[in-house]
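Q: Please model the entire structure based on the sequences and the hints provided.
Here the protein sequences line up with chains A, B and C, keeping their order. With our numbering applied, the first sequence closes on residue 463, and no number is skipped along the way. With our numbering applied, the second sequence closes on residue 383, and no number is skipped along the way. With our numbering applied, the third sequence closes on residue 404, and no number is skipped along the way.
Careful: at least some of the hints might be erroneous.
Derived Cβ-Cβ restraints for the label pairs, each shown as a range [claimed, not checked]:
1) F247(B) <-> L24(C): 26 to 32 Å
2) E335(A) <-> T328(B): 23 to 29 Å
3) N382(A) <-> L55(B): 34 to 40 Å
Worth flagging that the hints you see were computed from the coordinates, not collected in a lab. Every residue gets a Cβ at the ideal spot worked out from N, C-alpha and C, and that includes glycine.
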Amino acid sequence: MKKLSLLLTIGLLVALFAIPAMAQDDMGLPDWMEHTECTEDLSGMEFTLWHIGDLSGPYAPITQPLVAAFEDAAQWYNEHGGICGATLSFPDPTTIDTGGDQEQTSVIYSRVSSEQPLAIVLYSSDDAELLRDQVAEDQIPVLISAGSIEGLYGGEEDNFDNPGWSFATNPLYVDQLGFFCEWAAENIEDPVIGYISWPSAFGRAAFTPEVIAYCAEQGVEFVETPEYFAPGSDISGQVQNLVDAGANILYTNSLATGPAEIAATVANLGLSDEVTLAGVNWVLDTSVGFLGQTALGADGLPAVNGLLGSMPFAWWTETDLPGVQLLTEQADRNERGPLTRNIAYILGWQTVDLYYEVIVQTGNRVGFENMTGADVKETLENLQFSPLGMVELDFTDGNRDAKMNRIAVLRYLGENGGPAELPDNPPVVVEGPNGPVLVPIVVPLTDYGETPDLRPGQMEMEE
Amino acid sequence: MADHIRPAGIFDTTYEQDIALNRTRTDKFLQYGGLVALLLIPLLTSRSFLGLNILPDYVVVTINTIAIFVIAAQGLNILIGYTGQISLGHAAFMAVGAYSGALLAKGFAIPIGESMLQIGPFSFWIALPLAALFTGLVGLLFGLPSLRVKGFYLAMATLAAQFIIPWIIEHPLQPYTNAPEILQGIPQPTIGPLVFARPIEMYYIIVPLSVLLMLASRNIMRTRVGRAFISIRDNDLAAELLGINVFWYKLQSFFLSSLYAGIAGALIAFERNAITTETFSLETSIALLAMLVIGGAGYPKAALFGVAFVRLLTDVIIPAIGPAFNSTLTALLPFVDGTNIGPSLQPIIFGVALVIFLIFEPRGLAYRWEVLRIAWKIRPFAN
Amino acid sequence: MTQSNRSLQRAGTWLFYAIVALLLFLWLQPLAAQKSGNTIIQRTIGGVMLGSIYAIMALGIVVINKASGVFNFAHGAMMMIAGYMFFSFFNTQAISLVAAGLLAFSTVVLGFTMGGWRELFIPQRLITALIIGIILTLMMTSGGTEQRWLHALTGAVTGAVLIGLLVERLTIRPLIGQPIFAAVMVTLALNEVIRGITTLIWGSQPKSLLIFAEPHPFLPDQFVRIQTPITIEPTGLLGFLEGPVNIDQPRFMAFLLALATFALFWFFFRFTNIGLAMRATSENQQLAQSVGLRVRVILAITWAIATVMAGVAGLFYAGSSAASSIDTNFHFVILRAFPAVLLGGLESIGGALVGGLIIGLSEEWAKLLFTGDVAENLAPYIVLMIVLILRPEGLFGEKRIERI
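A: Here it is in structure tokens:
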């Protein structure tokens, strides 16, 4: 007996020491990630995921968290074995900031393309459109979060036979608006949409004849002339014009300050009861929720409360998803503040996960040593993958964007849980970096559904 | 001017010698040698057929951009440096050149009544001069206020061009220009079977054209027109009393200046195959002015020095020193957030450099270069 | 030219103006007819209120131009950095004594050495400087958040004065006597530098400037923008209105404050000694020097005052806008005030007011008739081009007579 217990004790001790040691060896990714296995060990190699974009201009509230996500993701993936043992790295953000100036985009791109990267990340549709021909020339695939028709598929003359080198993880802006029209037709009485946006390519991307025709079919009208505004300018005139023309929904393709400003103006003009606010997937970002806290709507809550938008991916509140759990855990670990925990942080991680999968698949197919951008593009074109299990991507059949979408609404967290509602469920107040803040949350209103395809020439026009 | 300073012992015996641009054999050797060296640069990058990989690829793009901006800045030099007028809307004229060049090359149809008038598509070699000419005419239009106003008022009138022209491109002309979204699919220049598609090929159009236009402007300044410009700059009232038709020459200056801007704009369009109005913003206009100040407005080489200096500063030096600044500044100034350093370095360094030039070297790099050149030529004598 | 000939020509000019005005009216009338009378009234009120803020911006530029002959293209950046300083002092719970002291004393030192460094060594002056520095520091730091208005106003004004003095000392003074082109370029360069410094210190995230605010219903120590509009009911004398007219309350407050500011500065130039000296200097610098005015000091004071005016205008504009916030693109607002300056005439203080109002009105009316981006970027410059062609020196500017 003694011998046996001794053996058992020794065995236990060995096991106790060995388990962590074995775990140390097997540092691979958690099981829920459905990544392809590597066929080679690439220890000592390095993959740099280049990204170019506006870190200091109007996109800053969105893009700064994106950079944070890249940092955190690189750290986590490298701790978990890297890409088949190779290190994943990112460029110094100060060297790739365009400040929203397209002249800089070209300059930085020429520098980045000299490094002959396997793929680059762009943030804005404007940049994607500008570089569309050049990336095709240089054979560099582009990963982008959301795109315009021109950026992803090219102009009308291209006929979509040869979609470009950019791959988006969100649906096209036109498809998002079409999807919203489907929802509005059922849920809003006599919907008339007034389109109000930034005057950039991104801002104008969703207002096309195809969208107007499709929405008319669903029973949703548009105010004929859209209104555009420069960030930071007074927009009461624009809002008034649209409402005078009969709009009861204001739809915007802007982000951060844009939707917050529209909501504040609607509230200032006393139109909160008459107008529903809606927009592209970016309007559901937490930055809008924070920036919009200084203007109250008719219901006594911030004016951005109730802002509708597309949400083609999982959100922080959907904690039953392992991907969301991982992101929350990593954001906690790196002490990311509430401003950083937004859409861009999620998209950043998704992009890194997508890159991981694509590189592994490409390397397995053609060998890691002489992989080129063209090989990576080929992988992307045949890819069906769900980065972090948070969004379904299918780039087969010449697709360049995601097809699944749902409608969600921006709310504030209430004290009794769930969205705040006055007077029964007042909003929760937490301490932010610059004083107390309310906590924005996003509540899905629908299940995932397929977006309409509103690229020019793809829809059957009713004669 | 330094052209007339030459090593001791060399005398002009013929009129041809007196007006020659390159008077000495060393001059000639340096000029032509420099040109040949310039034309060889693209062959040293990995994209050339030689397959050498001595220089990084982006060098070609950088030189292309510099050469294009040299043309634009030289246009501005004619207007500001030689004629003493001012323009805050030069980038808008570049936009005119870019869009008219692109549209002429793509071809477009204007509805006249029921029928459509098809214009183009023209080849690059026709589209470029037409675009330049058209830009010149637009420049003439915005030069008209110079009849009555000068100084800040003229600056403001040209600033108006910077707002009005992009608006016209983005609104009434939107069906043609697709602005502010990107206009794509601009046909590439060809000569017979040769297609100038990539930057490395466009290099052989842009760089020689840039050199040619620099020489042309230099020669214009040595003619009656150029001397009239200079007299207007020095004192327009006196010039008028001398019998110079001040308004007429001011218009010529606006025309020439916009012509150059138009060529530069069109080259941008053909080099990138894609343009937006954002490329030709007020910032670009101001950057061109700054290049001229740093280069030394009124000197023939001002454009070259200014553009090269500013482009090197913003595209090469600042990105290179950025990370170093990042660590030192955050250590020195605890309230500074590291993420803010990148975007703030460019405007600060650029602005400070400009102020330093204005105060300590108001005649710019070109002047310093001339001084050095003269000192070298007349050595061992003191300057 | 005979008298009759001249009056004939004048009549012709006026006839031309009248035809242009008629054509403009005929073109715009059908567009305006689609809008309700109330909307037009509301936009007009909005235009006047906006115009008053443009007038303050224009005033700052005019003051500098009058004194030193420089058109200040950096005015927008000055508006921006003063607004950010106000934000910092307004929203920081405990202001660091070191930072406040540094700001106060550097301003005081620069202020007391306007005429040269030697002045600092006069004992009385040194003591006065010390006392003022200490008072300013205390004003910026004393008390808690209930004193935030005092902190912010002292801090922002001190900061603005510092920037004005620095700009004058470092860039304008060395360039006296240089051509006009150098003066244009140096302010353009300053615009870049100040913009960069603002980004460096405050980052590119928008900062909330809630000066016309009431306490937030949920967030202690936080504020929301006043949103109850001032409503004018269609009763009594106003019976002709088709319905109630709503006026944005913060905008209205900014309007009143802007008018008060304008009156204050006008009074200052008209009746105070320093104001008179400034006007004398602007007339003729050499003459002013010869009658014993210290031109350098006066120039420095002018820049300091103009920068404070820039800050005031920036605060009013940002504080009364819909988002009540300021970001690093804020300096572009000034591009709409430039035409106001030239409209009124570069030398005319009253002209700044008229120019500002015209630009404000044309912008709001253009918003009514066309889409927003036309109004913001184009309308001011179209009006400017028309005025420049008809009256090149602006509405109230001085016709310059040049001699060789």
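Q: Please go over all the hints and tell whether each is borne out by the structure.
A: Each hint, compared with the structure:
1. F247(B) <-> L24(C): 26 to 32 Å: holds (28 Å)
2. E335(A) <-> T328(B): 23 to 29 Å: With Cβ atoms ~24 Å apart, the hint holds.
3. N382(A) <-> L55(B): 34 to 40 Å: Between N382(A) and L55(B), where Cβ atoms are some 37 Å apart, the hint holds.
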